[in-house]
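Colleague: So the chains spell out like this:
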Amino acid sequence: MKRPILLVVLVVVAAVVAGACGRSEPTGSQLTVAMMPKNKGNPYFVSCRKGAEEAAAELGVKLLWDGPTETDPAKQNEVVEAWITRGVDAVAVSVENKEAISTVLRKARTRGIKVLTWDADAEKDARDFFVNQATPEGIAAVLLAHTARIMGGKGSFAIVTASLTAANQNEWIKHIREELATRYPDLRLVDIRPSDDDRKRAFDETQTLLKVHPDVKVVMAIASPAVPGAAEAVKQSGRTDVKVTGLGLPNASRPYLKDGVLDSVVLWNTMDLGYLTLRAAFALVKGSLKAGDKTFAAGRLQTLAVDGDAILLGTPFTFTKANVDQCDF
Amino acid sequence: MRVADHRFRFLSHEALLGAFVLAEVAYFGVRGVNFFTVGNVFEVARASVEIGLLALGLTAVILTGGIDLSVGSLLGLSAVLMGAAERSLGLPVSLACLAGVTVGVLGGALNALLVARFDIPPLIVTLGTFSLFRGLAEGWTGGVRNYTNFPESFLFLGQGRLPGGPPPQLVLFLVAALFFWLLLHHTAVGRGLRAIGFSPQGARHAGIPVRRRLALVYLLSGLMSGLAAVVYAARLGQAKADAGSGFELFAITAVVLGGTSIFGGRGTVHGTLLGLAAVAVLQNGLRLADLPAELAGLFTGVLLIAALALGRLVSRRSHE
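For the record, the sequence lines run as chains A and B.
Counting in numbering that gives the first Met the number 0, the first sequence runs from 0 upward without gaps.
Counting in numbering that gives the first Met the number 0, the second sequence runs from 0 upward without gaps.
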């Protein structure tokens, strides 16, 4: 069995040589920031990455971008573990499983790595800052402003939500009700229907809604699959006096925006979200962003508000027929 | 002839795979950052234990010419019911773990009953239970309920370090590996499983209790799923219905890469361990070398096909 041993030695030597050739030399003072999306393939996160790369180029930061490509919830933990071992300066995670990721994020902090969350938060003590893309108050205010504008400040509207137990949506609805009571006395919320994050279900529920409440003039769809579903139902009903608005993604909304059935969709600017997160991670490592700060200077986004340990991206962004073609996700 | 032939193939496959693992370690040791450290070795081991346990159970199953696609789903079901027992029923954590393992054994018993008693092909049985177990886990939790806040003593099993640094679950894995190694390589039962894999008819004529042996391997596979569920919940600190999704394919990859024939009759526990190491080191090394982690899937695929093709070539040549 001499030949296999010789083979092994040869292969190992070749591997060492190959590794040495490919090795990127440590670049001295260059910072390394590792960012993780919930899902690498999701177009939403692909556009976040563009913004992060833009900021990385401006600041001369080495950006590592990695995350799950499959549904395994353990994957985010494994990636962060590898980053801890590799030794990065900052980690920024869009959290899929709050409880699971928090353990490993705390471990990163004890190793002196700066930790941020963005898009979706971990437990508070597991990170330094949360980059918050939109507050529930902000989303509620913008959605109602569009609704009131379409109806001329008066009349009935209905909501198509995700599921009746969805935490985010219920938070938004709570603020919508508060805002209605104080600022829009002539608007009436007549019904809230579930879509279970399913386009077909949103379509069916909207059809029923239009029959049960013929006085409804605006359907507000507040889950991204619900927007095209509700818009399709209104379109097929032939009712030109009913409009849809809501919270959704540009690509799925585009045909209905162009049709005119869909008046507007609200979302945050995802590229800005990636850009801000990387800027914040850099500032955190450099010490120019620290606990107690009230504002943060974020490059081309200028000065943004910091609320406690959350950095706010600002007011939500509205896509209309006019600007939807600028985005592709 | 058969003995010599068998030994030749076995040596060459193991040597090749061993060489590949060594080459991986050498490459990433030079190229990666902090790859060649004791801490990293233990972290790779920690992340591999659940799939490793499943792969051990699957080695015995595949050795008989069978397959168990339900292991990842059963992991999910066991984890969720363990979480429910601890968080909702308020059982002590040791009893909850026992409940989780018991669910695994019961799931394995269902597979065993259908395969060994009713002679339904294992691919069909476990494809069914693959959906069934996951469906039960999702139904139980509504797909959203997540059991968390387990006691520290339990989390230590998955997240802690023993004196010197090794993760506690590694001990459990080594015991399980030793058990399967002894069972498959040093007992009459193990020889019986191999015989069943070569030819169930022949094994029956040779007086091997084929049904009982088949039942045993599916039961053991279920037991491994239950143990893996406990380790998983302790490592992540959560038990949710999506636990272990896709694990069955990683585990089967490790087994087949390790030289176990998918047709049964041939395979080793140490081969499976090497196969597991090859995949785990690749994933970890790519990250530490700042290379795209997607390459892991690509390389694993190429490696798997190359290993099988080579195996075919060698066996054909030795028959000539």
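Derived by calculation from the structure, the hints in this document are not laboratory data.
Please note that a few of the clues may not be correct.
[Said to hold, decoys possible] Some chain B residues judged to face chain A by a derived CB distance under 7 Å, without partners named:
#1 Leu21
#2 Ala22
#3 Val29
#4 Asn39
#5 Ala46
#6 Asp118
#7 Glu151
#8 Leu235
#9 Arg286
#10 Ala292
#11 Ala295
#12 Thr299
#13 Gly300
#14 Leu302
[Claimed, not checked] Heads up, simulated SDA-like pairs for lysine to any residue below, C-alpha to C-alpha not over 20 Å straight-line:
#15 A:Lys106 <-> A:Asp88
#16 A:Lys97 <-> B:Val143
#17 A:Lys39 <-> B:Pro291
#18 A:Lys97 <-> B:Pro291
#19 A:Lys106 <-> B:Pro291
Ideal Cβ placement from N, Cα and C applies to all residues, glycine included.
Colleague: Decide, hint by hint, whether the structure agrees.
Modeller: How the hints compare with the structure:
1. Checking Leu21 (chain B) against chain A by beta carbon gives a least distance of about 5 Å; that is within 7 Å, so the hint holds.
2. Of the supplied interface hints, the one on Ala22 (chain B) holds, with its beta-carbon coming within about 4 Å of a beta-carbon of chain A, less than 7 Å.
3. For Val29 (chain B), the suggested interface contact is upheld, since its CB lies about 3 Å from the closest CB of chain A, less than 7 Å.
4. Look at Asn39 (chain B): its Cβ gets to within about 5 Å of chain A, closer than 7 Å, so that hint holds up.
5. A cut of 7 Å between beta carbons decides the hint on Ala46 (chain B): the least distance to chain A is about 5 Å, and the hint holds.
6. The restraint placing Asp118 (chain B) at the interface with chain A is violated, with a minimum CB-CB distance near 34 Å, outside the 7 Å limit.
7. The interface hint given for Glu151 (chain B) is violated, since its Cβ lies 11 Å from the closest Cβ of chain A, which is over the 7 Å cut-off.
8. A cut of 7 Å between beta carbons decides the hint on Leu235 (chain B): the least distance to chain A is about 4 Å, and the hint holds.
9. For Arg286 (chain B), the shortest C-beta to C-beta distance to chain A is roughly 4 Å, which falls under 7 Å, so the interface hint holds.
10. Contact between Ala292 (chain B) and chain A, as hinted, is supported at the beta carbon level, the nearest pair being about 6 Å apart and thus within 7 Å.
11. Because the beta carbon of Ala295 (chain B) sits about 10 Å from the nearest beta carbon in chain A, more than 7 Å, this interface hint is broken.
12. Because the beta carbon of Thr299 (chain B) sits about 13 Å from the nearest beta carbon in chain A, more than 7 Å, this interface hint is broken.
13. Taking 7 Å as the C-beta cut-off, the interface hint given for Gly300 (chain B) is violated, the closest approach to chain A being about 14 Å.
14. Among the interface hints, the one on Leu302 (chain B) is violated; its C-beta lies about 13 Å from the nearest C-beta in chain A, farther than the 7 Å criterion.
15. The suggested pairing of Lys106 (chain A) with Asp88 (chain A) holds, with an alpha-carbon distance near 14 Å, which does not exceed 20 Å.
16. Taking the CA atoms of Lys97 (chain A) and Val143 (chain B), the gap is near 13 Å; set against the 20 Å cutoff, the hint holds.
17. For a cut-off of 20 Å, the pair hint linking Lys39 (chain A) to Pro291 (chain B) stands: about 12 Å separates their Cα positions.
18. For a cut-off of 20 Å, the pair hint linking Lys97 (chain A) to Pro291 (chain B) is broken: about 25 Å separates their Cα positions.
19. Using a Cα cut-off of 20 Å, the hinted pair Lys106 (chain A) and Pro291 (chain B) is violated, with the two alpha carbons roughly 24 Å apart.
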